[in-house]
Structures are given as structure tokens and as C-alpha cells.
Amino acid sequence: MRTRVLIPSGVLGLGFSREALARGVAAKPDIICIDGGSTDSGPFYLGTGTSKYARATCKAEWRQLMIARAALGVPLVIGSCGTCGADAMVDWMMEITRELAKELGQSLKVARLYSDQPLERVKAAELRALGGINPTLRGNIVALAGAEQMQAALETGADIVLAGRMTDTAVISTLPLMAGAHKGAAWHGAKIGECGALCSTNPTSGVVIIDFDESGFTVEAMEEGATCTPHTVSAHMLYENADPFILHEPGGHLDVTQARYAAQGRRVRVEGSAWVPSPDYCVKLEGAALVGFQTTVLALLRDPRYVAHAQEWVSKLSAFLSVQISEHFSGESAVEFRIIGLNATLGDLETGDAIPNEVGVLGIITAETQAQASEIAKFINPHILHFPLTKNEELPTFAFPYSPAQTDRGPLYEFTLNHVMPLAHPMDAFRLETEVLA
Amino acid sequence: MKLGDLAHKIRSKNAGPFWVSVDVFCEDEAAFTRLCEKLKTEAVAQALGTPTQLTKRFQIEHLNVIKFSFPRRIPQGSRLDRDMHGAQFSHLLAGLDIPA
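Protein chains in written order, with this note's numbering: chain A, 5 to 442; chain B, 884 to 983.
Check each hint, because a few of them may be wrong.
[What the hints assert, rightly or not] Distance windows between CB atoms, simulated:
1) B:C919 - A:T411: 43 to 51 angstroms
2) A:F333 - B:A914: 52 to 60 angstroms
3) A:E439 - B:R940: 47 to 55 angstroms
4) A:E99 - B:E912: 52 to 60 angstroms
5) B:H945 - A:R59: 39 to 47 angstroms
6) B:L963 - A:S111: 48 to 56 angstroms
7) A:L441 - B:M967: 34 to 42 angstroms
8) A:A312 - B:K885: 24 to 32 angstroms
9) B:H945 - A:F333: 57 to 65 angstroms
Keep in mind that the hints were calculated from the coordinates and are not lab data. Glycine residues also receive a C-beta, built at the ideal position from the N, C-alpha and C atoms.
Between the sequences and the hints, there should be enough to build the whole structure, so can you do that?
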């Protein structure tokens, strides 16, 4: 049996071609699936439980998808609501859905799948480390749901599923798996489609359709002129993947080593990928916690002598400030300067040695409170404006691009976990609620 | 010659908060075969500032791509991170000298 999945784009908020969506709807898919999040933009969003994308953008796109869903009478699902997939963001999407249901006059059954993890559960679990970090058990923690939890949500008969954090792939693979599609194909096709039309020749057009069956999957881009080729499709396995052949999911992993990609006109047919079940069921955890507050200060050096000696100047300024700050300020703080124009991006790995016209010196102050970070920046202000390269010279004045030169950046969050958590039952760490909007 | 001149395209990107992956796209099979031989994992690891033994290497024949993945010294978005999406690491590889 064929399961046809419509994927409007890689993430809600990124935009998609309306014409391509209309063509996708005309193809009568069995479900509309879209991802809502990722850790791609860093720890801030999970740390704060907020969305990277504007509410207005998400609502405008969700409106289009709710209209398409109503026309088709099939489920519409979103995974990892509001970038981080925290409970608060599932509720945020619920609020948007509620407003739209009213505006569009739709009656709907909505299922909400929650992924937040109470600290006590994580503390009691036998976490397995994936490396790279020692676990810090504080802040916000979510678990990534897989196909089992999404299946539970779909089995409620919901018209719309708003899921918290889950794997990008499970959003797509669940219905094909429920319909008996080839398991390797279900996960592989989901991986190929999770970024929408990124697997085609026109990545920004968004919309793709994937047909799943008992032996493989077929992918097609909906934008006119956009083509999926064996190259664009197979190359997508490289993207944001540390391993281009293996993808870990709750309950097992996908192995595409033996996959074969064949062109069928503007579509691509893929067979041969394998699903390898794991002996036990684990879900991946993501955590982000507050580590301090930051203020930045920016000065521009244009004087050729200072530009040529920028690194030396920053070293001398840092040494001077470090003594002064420890004398004047209590509490933990850190001041770091990055020299824009020399090596701000790559640090000590930089190999280029061209001397630019000017350099920007970006000071980043991290302290225990925003007030303290701001105070330290104010202390640094006159020095970064006038610090001389040598003692016996006239005081220089550099450029401040605006007033005040310092900017409060707010809280700084860091990722705290790279671990998986074993579960006796897939729903043990997830919560499902349904509601009817009339 | 520099790798950047020999490769069709080099890109890098974060692969989760703790890994970065660099893809070296070769123009054709001949270029791929030659670079597979000339491009040493040790040299790549040194340029990326990561231990060789932690650097994963994949040679993907049907795409003519050599892929390297390595753990970030500093997790994405942490205080000392300089490039959230890790997309500038590609320039370090582009600057690598490849023996004739």
C-alpha cells in the first residue's frame, strides 16, 4: 500500500512556494508533515523555551497548511514546535491553532505530544553518554520522541498533531510505518524529505512529496522546474550528518550503505536502505542551562599602526584589564576580545595573514548577573576607546560605532547533555493530550 | 596547489551541537580518486585543530565526495564558540597544500 506524504518545507517559519503547495495538495497526500525545530540555532531557544521564528510568520504559514488540511481531510502534523520543542512551545502552537480555527471556522481535534523532562526523571535514569560533554542536570531538558509516540498521537484520530521535541525524521516516517511501508525506506525517505526541497535542484521552493511503499520510496519536488536527481537526493545524506550512512533513531538505526538511487523522470526512486532495530529502546536528550549574562563592547581600529599591531594591542589591553577587574569587581566574570578582521571566526586555527584596512575589537563580557556584566563593560569603555600601544605616546581615540558602545546581550545558555535515556515503554517519558476545537 | 583550487566545492556545517562535518566535493571520478590518495586525514585533522583519531573519514564514491567529521572543541553556542554553525571550517581545508 502506498502512503503519500506532503512536506511543505524544512521548517515552519522558513517559507514555501504557494504554487508548489497547491500542486502538492492536488496530488492528494495522505498526511501533511512539517518540522518545527532543531538545535541548529544554538542553546538559547531550549534554554529560554522560545521560538527562533516570528509568531506572525509561523501563523501565516500554519494558516496555509490548516486550509490545505481541511480541503484534503487528512492529518496535519508538526514536530518540535517552536524551534526547541519545549512544552511551552507546544502550547504556543496550540494558541496559534486555536486562533486560526476560529478565524477559519474549522472544527478540529488536536493532539498535543509533550517532550519536557522533569529533572527527577533524568536524575533517576541510567543515562548513556554519547560523548563531548559531562552532563549538567539543571535547566530545560527535552527528550526526542520517535515514531512510537507520533503513532500514539495519530491513533487518537486527531486532525492536527502538535508535537514537542522529536526527531525530524519521525514526523514523516510514522504514518508510512503504520501503513506497513518498508522500514528502511520509511526512515530514509523521511531523512531525505526532512529539509523539504533541499533534496532538489531548487532548495528554497520548499514543497516535496514522498511516496512510501513495501520496497522503497519515491521523492518528487512540487515546484515547477525543480527536479530531484539521484545526486541531489543522495547528497542530502551528507547534510548536517556526522555519518552519511547511519542515522540513529529511538529504537534502532537506519543504514543506507546499500541504498540505490534511480532517476524516474523528475522523480527519484530509492530502494535498498535498511532499518536495524536496537536491543533496547532509548531516546536522546537535549538540555540547555543558564551559565551567565553577557554584555558586548565594540571598538574599531583604523589607525594603520594599531591595525598592524592589533593582536599585541589586545594582549596588552587584556592584561591591564584583568588586573583592574579583579581589583574592582567581585564575583566570577570573564572578558574575551575577538579581533574582527584578523581571526575572530577561527581563532588560533586561522592561517591567513593579510593586514586589513581596519579591525573591529569585539569585547564579550560574561558575568553572574546582567548588572555586573554591564558594570564591567562600562569600566572597560574608556580603556578600549583610548588604550595606548606604548606608554610614552599621545592617547589614541578609536571609533565607537554607536552610543553607548556597550550592548547588553542578556542571558547565555549552553547545551548540557549529549546523552540517551533508556525507556521501558516509549510513552514513559512523553505526555499526550487531546482537545476538540469547535 | 591548494585543496580549494582542486576541489569543486568544500562546505562545512554543524551536525548536532557537538560535531562538525566537512564535505569535499570533487569535480569528477578522476579528481576524487586523486584526492582520496593525496588528501591525508592527519593534515585535515591538524588544520581543523582536532586529534586525528577522533576524525572520521568517509569516501563516498557515487557522489565523488570525501567527508570528514570531527567533535567540536567547544560545543555549539558555548561561551567560547566563535562560529555557531561551523560553516567557516571549510576555509581551513580550502587552504591546505596538496602535493603535486
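A quick look at each hint next to the structure:
Under the hint 43 to 51 angstroms, the C-beta atoms of C919 of chain B and T411 of chain A, about 47 angstroms apart, fit the expected range. The given range of 52 to 60 angstroms is respected by F333 of chain A and A914 of chain B, whose C-beta atoms sit roughly 56 angstroms from each other. E439 of chain A and R940 of chain B have their C-beta atoms about 50 angstroms apart, which keeps the hinted 47 to 55 angstroms range intact. Checked against the hint of 52 to 60 angstroms, the pair E99 of chain A and E912 of chain B passes, with Cβ atoms roughly 54 angstroms apart.
Between H945 of chain B and R59 of chain A the beta carbons are some 43 angstroms apart, a value that agrees with the proposed interval 39 to 47 angstroms. For the pair L963 of chain B and S111 of chain A, the supplied restraint of 48 to 56 angstroms holds, since their beta-carbon distance comes to about 52 angstroms. The beta-carbon spacing between L441 of chain A and M967 of chain B, approximately 38 angstroms, falls within the hinted interval of 34 to 42 angstroms. With their beta carbons about 26 angstroms apart, A312 of chain A and K885 of chain B fall inside the hinted range of 24 to 32 angstroms.
Under the hint 57 to 65 angstroms, the C-beta atoms of H945 of chain B and F333 of chain A, about 59 angstroms apart, fit the expected range.
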